Amino acid sequence: MRLRALQLLVLGVLVALWHVFTAPGLIPNFYFEQDNRAAFFFGEPAQVFWVIVDWLATGEIFRHLAFTLLETVLGFAIGAVFGLGVGLWLALSHTASAVMEPYIKGFNSMPRVVLAPIFAVWFGLGIWSKVALGVTLVFFVVFFNVYQGVREVSPTLLANARMLGASQRQLLRSIYLPSAMSWVFASLHNAVGLAFVGAVVGEYLGSAQGVGYLILQAEGTFDINTVFAGILVLTAFALVLDGIVGVIERRLMTWQPRASETEKV
Amino acid sequence: MSAVALALEEVTCRFAGRDGGAPYTAVANTTLRVAEGEFVSVVGPTGCGKSTLLNVAAGLLEPSSGTVSVFGEKLLASQGVNRRAGYMFQMDALMPWRTGIDNVIAGLDFRGVPRAEARQQGEAWLRRVGLAGFGDRYPHQMSGGMRKRLALAQTLILRPDILLMDEPFSALDVQTRQLMENELLALWAEDRKSVLFITHDLEEAIALSDRVIVLSAGPATRPIGDFRIDLPRPRDVSEIRMTPAFLALHREIWAAMKEEVLKAYQAQKAA
Chain A
1 MRLRALQLLV LGVLVALWHV FTAPGLIPNF YFEQDNRAAF FFGEPAQVFW VIVDWLATGE
61 IFRHLAFTLL ETVLGFAIGA VFGLGVGLWL ALSHTASAVM EPYIKGFNSM PRVVLAPIFA
121 VWFGLGIWSK VALGVTLVFF VVFFNVYQGV REVSPTLLAN ARMLGASQRQ LLRSIYLPSA
181 MSWVFASLHN AVGLAFVGAV VGEYLGSAQG VGYLILQAEG TFDINTVFAG ILVLTAFALV
241 LDGIVGVIER RLMTWQPRAS ETEKV
Chain B
1 MSAVALALEE VTCRFAGRDG GAPYTAVANT TLRVAEGEFV SVVGPTGCGK STLLNVAAGL
61 LEPSSGTVSV FGEKLLASQG VNRRAGYMFQ MDALMPWRTG IDNVIAGLDF RGVPRAEARQ
121 QGEAWLRRVG LAGFGDRYPH QMSGGMRKRL ALAQTLILRP DILLMDEPFS ALDVQTRQLM
181 ENELLALWAE DRKSVLFITH DLEEAIALSD RVIVLSAGPA TRPIGDFRID LPRPRDVSEI
241 RMTPAFLALH REIWAAMKEE VLKAYQAQKA A
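Heads up: the sequence lines are chains A and B, in that order.
Mapping of the first sequence onto the numbering used here: residues 1 to 265, in sequence order.
Mapping of the second sequence onto the numbering used here: residues 1 to 271, in sequence order.
Isolated chain B, as found in the complex (with noise of 0.2 Å):
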């Protein structure tokens, strides 16, 4: 077993209740590990506190009790975020008034990189994610697609050693979808960090994932189920769901999975 990058142990996150009320546990006691190049997904029903989650990891975010480590260090809240982890949002997260290159770049920029050696590495970035000759375009003027690419390359020219994704490709249409998960995992693949990536689609952590950990619903949310995806590496996102393996995963998996979905439902459809 390799090291843990990231350890999050017994979490609880309880935010103060509206105007008033009973204050609200979004996370109750949840640990969590990511090894060291290992790329896991987190699935749970919708509203069940999956983005609070990685927002701890990433140091955004105070819990309530309970401790994050990165690589066997504290992260305490006076030092700020979490400095080894890029964070990939499932919001638009460019700077609109920045043109692609300098979107890129921002992190470089925020670091004292001089401008020519940062302008050098972004247009590299821009290459890899496939957005050779957008640098000059704004945000706006690129697709959704594209955009998701930007804020990929944006992320990962800090060259992280832990990626935290929350949904980053959600809003995406389903072909737009499947070929930025095999871009996300043939640049995952060069240099195998370790990733924690946040989903409420199934299909999606199973073929993208070494581990799969499945949550409850809200409220107290905490994980309830943690399932090896021991598929053969590389992979094709469109084509690994047709195989046997993957659906003998995914019924087992689902199957943990169903009750709390529908609790979810239950507690939305109460409210």
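Looking at chain A on its own, in the form it has when it is part of the complex (with noise of 0.2 Å):
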């Protein structure tokens, strides 16, 4: 409970002092020359508040939310599905893996966001051009993690099947696959953030819809309160979806041992 009051206390320091540097008049000029240009470039937290307030009255925010939402995870579910399919081909075949590693290594080097302007063209400014740039982020998280847990699966436990009877079919469903998704549920975080991240970079390259995209016209008109308004609401709903996937992590991985109960008997 004390930890949360001091929580807060931060949120509402931080919040006073931003108000206080930037309300017109409020404290004497110390560094622009007009009363109204710390506003106009940093925001001021109440005309954010109150744009934030229109934008749930009016329900304008919900479709954009909607909107990203939906490109986060198409992004992430596509990626996700590519990346566990060529991370176990790949484990498993020595010769592809080989060849194909050059490639591999090149295109995670890639700053792969340069590829927005591509998909734009290749995608329109519809939802696929924000989805295939959450593919291309998600692929390779998921990707090395698949390898990884199938490279490390533990020898005995492939020859215990062996000997069980399990034949290949068997051994990639009920060794390689849980192995896998256990290193891949603990990069889950990290694969949505960053298909959140394809998502709002994509809309706001160019857009009609999203909260990038609601970000990117506040820019071009100077409202500098509505894209703070705008950062605000994608991260409170990144926080959301950070939590969504903690419960869903904690349901799906019961089977592995956590610090506070190894070894109960």
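Among the hints, a few may not be true.
To be verified - Partner residues aside, some chain B positions facing chain A, computed with beta carbon under 10 Å:
no. : residue
1   : Gly21
2   : Pro23
3   : Thr25
4   : Asn29
5   : Ala85
6   : Ala93
7   : Met95
8   : Thr99
If you're looking for bench data, these hints aren't it; they were derived computationally from the structure.
Note that the structure is a prediction, hence the values are computed from the model and not measured.
Ideal placement from N, C-alpha and C gives every residue a C-beta, glycine not left out.
Each of the two chains sits in its own frame; use the hints to bring them together as a complex.
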């Protein structure tokens, strides 16, 4: 409880400082020549607050959030499926992984955000160009984790399953896949976060809907308060998304030991 | 003399040397037979290729030369693992993402046994190894001894004709270990499968077995002694260790083993 209070105190102090330094005429100017300049560059917390209230009241924000969320979910799902498939394939086939290695490395090193304009040309300004960007970001996180997960399966575990009569297919289903999934879940927060980044960056570079679009619009008219409002909404939403992932993770990974309950007999 | 369940004939295992070095011969010209219903232990100094021998018997490893026969039939690498054998590993081999019961019935699952029937058998085996009511726990929620019992049930539920065991109890504390050894003997006495039991512990080998085979120190390990253990059954492993007959056997086998253990120790120190 005390911790929560301190956390809220930090927020309060930050908002108060923001207000004091940006409210026109509240304190003497010490950097800008004019009263309203600080507010022009940094926005005003009260104004930002009213923008958000207005969004919520009119319901305008929900349409954009739904759009961004849809892109995030699609980007994550498609990227994860591809990552899982390619990861399994390359991890189980030594020839394929040897051949593909330089390309995988190259693609991973490339700053993939630069692909956004190309995707805009290929897929238009609708959701699919954002989904494509999300996919390229998510794919590598999932791919590397699956690859690692399959490669690090204990040889004893494999030998045991073979002695118990598992066929190649059954080894894949009951040994490789669960082992890879535990690594994928370990990176789930990361992957969902990147899908979100892909969606927002894609929207920001050209779109007609979504929270990134709202920010882009506001920036075009130097409406810094709306830009900040958009950033705050995105942050809050990312936190909610992370919380949901955490719940899913705990549900699906019950078999993994947690620090507090190891070796409970 | 009853039929031979498992026969390794003139088995040699050579491994390619690391970084283009000289090839390493782990096992050389080893012939080893286990009769039907016989409990055979193989003892030898650490690092002498005991596990290699067991992997060959399981069909997990193809020998460089020599053959493996299972009930008179040759085991071919192209046919995969030894289907009539169950293997209990030294290290934990349970699937951490499966609950206790799901681990026990994994083999039945692989064979396509209907789930309801498999679960019924699984529960029965959990009871037999003293884990009734622990079926829904995950391996990480169990102690080392419980995990070993689970692995035993997992192997025995398939009713293998041959049981291969690679130092299965070496990671347990002494008390748990003796309990497990007694439980193993009790389970074994029910239907007398052929057992090939690998251990570095001579006392364990004598207490459990009908026959103890002593291996030489590596490299190029081969059997150097074969001792019949005619102690009466049923045995209690903690009590039998005190009997004069046991001590006499121990002295006799240790005399044959001592030199090899020292050799292995010197080799390890030199390396």
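So, going through the hints one by one against the coordinates:
| no. | hint | result |
| --- | --- | --- |
| 1 | Gly21 | violated (22 Å) |
| 2 | Pro23 | violated (21 Å) |
| 3 | Thr25 | violated (22 Å) |
| 4 | Asn29 | violated (25 Å) |
| 5 | Ala85 | holds (7 Å) |
| 6 | Ala93 | holds (4 Å) |
| 7 | Met95 | holds (7 Å) |
| 8 | Thr99 | holds (8 Å) |
Violated hints for the displayed structure, listed by number in ascending order: 1, 2, 3 and 4.
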